[in-house]
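Peer 1: Listed below, chain by chain, are the residues.
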Amino acid sequence: MKKLHKNTFFSLKGLMLAGVGAIALSASADAGTVRVTVAEYSAKTGPYFEQVAKDFEAANPGIKIQFEVVPWDNLLQKLTTDISANANADLSIIGTRWLVDFVEQGIAEPLDNYLTPEIKGRFIETFLTPSVMNGKTYGLPIAASARAMYYNKELFEKAGLSEPPKTWAELEESAKKITALGNGLYGFGLQGKEVETDVYFYYGMWSFGGDIVNDGKSGLDSKAAIEAASLYKRLIDEGATQPGVTSYAREDVQNLFKQGKIGMMMTAPFLANQIRDEAPNLKYGVAPIPKGPNGDQGTYGVTDSVIMFQNSKNKDEAFKFLDFLFQPKQRIKFTIDEGFLPVTKAEAQDKYFAENPDLKVFTSLLPTARFAPVIAGWEEIADITTSALQRIYLGNGQIEPTLKEAASKANAILKK
Amino acid sequence: MTSKRMVAPYVLILPSFVLAALIVIWPVAELAQIASHNVNRFGQLRDFAGMANFRALLDDPNFIASLWRTGIWTVCVVGGAIACAVPVALVLNEDFYGRDIARVIVMLPWAVSLTMTAIVWRWALSGESGMLNSALMGLGLIDENIQWLAEATTAFPMQILIGILVTIPFTVTIILGGLSSIPDDLYEAAALEGAGRWEQFRHITLPLIAPFLNIALVLNTIYVFNSFPIIWAMTQGGPANSTDILVTYLYKVGFRLGKLGEASAVSLVMFGILLIFTLIYVRITTTARGVRA
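So the protein lines, in turn, are chains A and B.
Just so you know, we're using the numbering used here here: the first sequence kicks off at 636 and counts up by one.
Just so you know, we're using the numbering used here here: the second sequence kicks off at 4 and counts up by one.
If you're looking for bench data, these hints aren't it; they were derived computationally from the structure.
Built from N, CA and C at the ideal position, the CB exists for glycine as well.
One should not assume that every hint holds.
[Claimed, not checked] If you want the footprint, here are the derived chain A segments under chain B, 3+ residues with CB under 8 Å: (1) 870–879; (2) 1024–1030.
[As the list claims (entries may be wrong)] Computed from the model, here is a short list of chain B residues facing chain A with C-beta under 7 Å: (3) His40; (4) Asn43; (5) Phe45; (6) Gly46; (7) Arg49; (8) Trp71; (9) Arg125; (10) Gly130; (11) Met134; (12) Leu152; (13) Ala153; (14) Gln239; (15) Pro242; (16) Ala243.
All chains, full assembly: derive it from the sequences and hints.
Peer 2: Below is the structure:
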C-alpha cells in the first residue's frame, strides 16, 4: 500500500517535471537558431525551404534555421496561439492584409534599420508598398499574385466565339452561348463560398466604378455594387453560371475549369501550373478581367510578406537569412515552383517570366491591381460581405436591402 | 485503522483530482479570464470588460441561431444513431455465418478520421461531379443534378445523416456490450411461456440494455455537440451561416474574426451546457450500477 502510494506520487512528479522540462526547452531556443514559420503553398514548399536552410547554413556556419511549415488555412490560428503563449518564431510569413493588426499591437518589428537601399531596391514597388505602414517597412513580399480571366478555347470555338469578352456585357452574351451548348457545360464559373467569395464579386464591382471603401465608408451600398450584384444574380438566373454557386469554393470552380466544364473563370496564375500538371490537354487562354460600361477595370492583387517579430532575440541573424532568401537564385526557384508573380526585379528579368505569355497578361494588369484595404477588422468585413452575397445568390435576400444592411454593419466596424 | 480508512480514499483520488484540475479547471479559469476582458486578436489581455463579451453574443443573431441549430444537430444525430444502432447491434448479436466480417464492416467508419470522411462526402455531394448525383441519375431517380451543399435545406440534413453514420459504430459497440451481458436462459424461459420476438425484445432486451442506451446517449451527446469536422469540412457553416453550430461559430469568431474574448465566452457557454449533461451522466451511471447490483 505504502509502496504503491509512493510510486503513484513519484510518477506524477516525474510527469510534471517532464512537462516543465518541455516548456523550458521550447521557450529558450539556442542563440543562433532562427525559427521561421512558413505557409505551405503546395507540396513543393517544404522541400524548397529545407534546401534553402541547408544552403544558408553552409554559407553561414554558426546560424541554424528551423522551419515550421503550416498549412495556409491554419496559419493565422497558429500565429495567434503562438503569440498569445509568447512562443512565436523569429520570422513568419503572413498574409499582408493581416499586417495592420500585427503593427497596431506592436508585434511586428520595423525592418528599416536593417534594410539597405540595395536590398530595398531589389523589390518591385507595387508589391513592397502594401507592407509599408506609417512610413515604415514591416514586411518583405515573398509571394505575389494577381487575378485574370482564364477561358476555355475549345468551348469558345464550339459556341462560335472567336475571342474572350472584353466587357461584362460581352461576357454575359458569351456565357449564355456556352451554357446553351448543353451537356453540363456552363459559361461563367462563379465562386460562392469560402475564402475570396467577396473578391470574386469585387471584380464586377470595380468594373462598374465602385470601391470597397470610400472615404472611410463601405462601398457595398454604392450604385456600382448594386449593379454588379444584379449582373451576377442575372447570370445565375439565366443559367450562365454553374448551378448551385454557393456550394463552390475557388478550388471547386477551378476543378470544373480543369475538367473543361466551364467557359470562363477569374483566378490566380497558379491555375496555369495546375493545368500543366493535371490537365495538360486543356486548351485555354488568359485574358484581362472584363471592363465595365465606363471602361473601369480592376483586378485583385495579393501579397504575402515575411515579418520579423518584435520579441525575437536573434534579429541580426534573422535578417541575414532574409537577405539570403531574397537573392535571385532562391527567389526564381520559389516563384516558379509555386506559380506566383515575380516580386523582385531580377526575377522578372528571368527568361521563364519574361517570355511566358500567360504571365504577361497578369503583369499587364498590375497597374489596375487593388490590394485588400488596410483596415483592422478587414476579415470581419469580408465575412459580412460573403454572407450578404450568398443570400443574394441564393435568392434569400433582395439585392438592395441586403447590400445596404451589409454596408451598415461594415460601417460600424470601420468606425471603430 | 479507521482513521486511515477515512484518509486513504482521498489520498488515492488525489492524483486523478490533480490531473483533472490541470486538464479542466485551469483552462476554464483561463477562459473565464479572457472572456471577462477586452482581448486583442493575439490573445493578449487588455482592460476588464465584465459581461460585455457575453452581451455581444446575445446581440448576435448568428449566435442564437447556432445555439438552436446545435440543439437540432445533437438531438437528430444522437437520436438517429441510437435508433439505427439498436437493430444493427441486435443483428450482429445473432449467430450467423460471416458475423465477424459484418462486425468489421460496421466498425470501419470508426477507423477513418472524421475529417477524411467529411472531405470524401464533400466530393461525393459535389453538384456537377459528385458520386451521389451520378448514382441517383443512373438509377433514374432525378433528372437534374441536386446542388446538395448550396443551401442549408439540403446541406444540413445531409450533414446530420453523415453524423449519424459516423456515430453508429461507437453506439453499436456499447449496445453489443449490453446485449452480451443478457443471459440466454431468459429468452428460453420467455419462449417457453409463448413470448414472440417482439415481446422478448420489449420486455427482456430493452429493459436490460437500458443502462447501456443511457450511457450511449450521454456520451454521444457530448461528442456530437462538440463535433467540428463534418460541418467545417463540408460547408464551413455556410452559406451565410445557415449551417453553423456552436463549435464552427466559435472557430470563426475566434480565429477568423480574431475576437478571442467573445470566442472564450462561447466556449464557457458550451462548457456550461456540457457540464449539465455530464452531471446527468454521473447520475445515470450511478443508478445504472444500482440496478445491476
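Peer 1: Could you run down the list of hints and mark each one as holding or not?
Peer 2: Hints, one by one, checked against the model:
Coverage of the segment 870–879 of chain A by chain B holds. Counting CB-CB distances below 8 Å, 3 residues qualify, and the rule asks for three or more. With 4 residues having a Cβ less than 8 Å from any Cβ of chain B, the segment 1024–1030 of chain A passes the three-residue criterion, so the hint holds. With its C-beta approaching chain A no nearer than about 12 Å, His40(B) sits outside the 7 Å limit, and its interface hint is violated. The criterion of a C-beta within 7 Å of any C-beta in chain A is met by Asn43(B), whose closest approach is roughly 5 Å, and the hint holds.
Checking Phe45(B) against chain A by beta carbon gives a least distance of about 4 Å; that is within 7 Å, so the hint holds. The restraint placing Gly46(B) at the interface with chain A holds, with a minimum CB-CB distance near 3 Å, inside the 7 Å limit. Among the interface hints, the one on Arg49(B) is violated; its C-beta lies about 10 Å from the nearest C-beta in chain A, farther than the 7 Å criterion. For Trp71(B), the interface hint is violated, the least distance from its beta-carbon to any beta-carbon of chain A being 18 Å, above 7 Å.
Restraint check, Arg125(B) versus chain A: the minimum CB separation of about 9 Å is more than 7 Å; hint violated. Evaluation of the Gly130(B) hint against chain A yields a held restraint, the C-beta minimum of about 4 Å falling below 7 Å. Evaluation of the Met134(B) hint against chain A yields a violated restraint, the C-beta minimum of about 14 Å exceeding 7 Å. With its C-beta approaching chain A no nearer than about 4 Å, Leu152(B) sits inside the 7 Å limit, and its interface hint holds.
Checking Ala153(B) against chain A by beta carbon gives a least distance of about 4 Å; that is within 7 Å, so the hint holds. Annotation: interface hint on Gln239(B) holds; nearest CB of chain A at approximately 6 Å, less than 7 Å. This hint holds: Pro242(B) has a C-beta 4 Å from the nearest C-beta of chain A, less than the 7 Å allowed. Contact between Ala243(B) and chain A, as hinted, is supported at the beta carbon level, the nearest pair being about 4 Å apart and thus within 7 Å.
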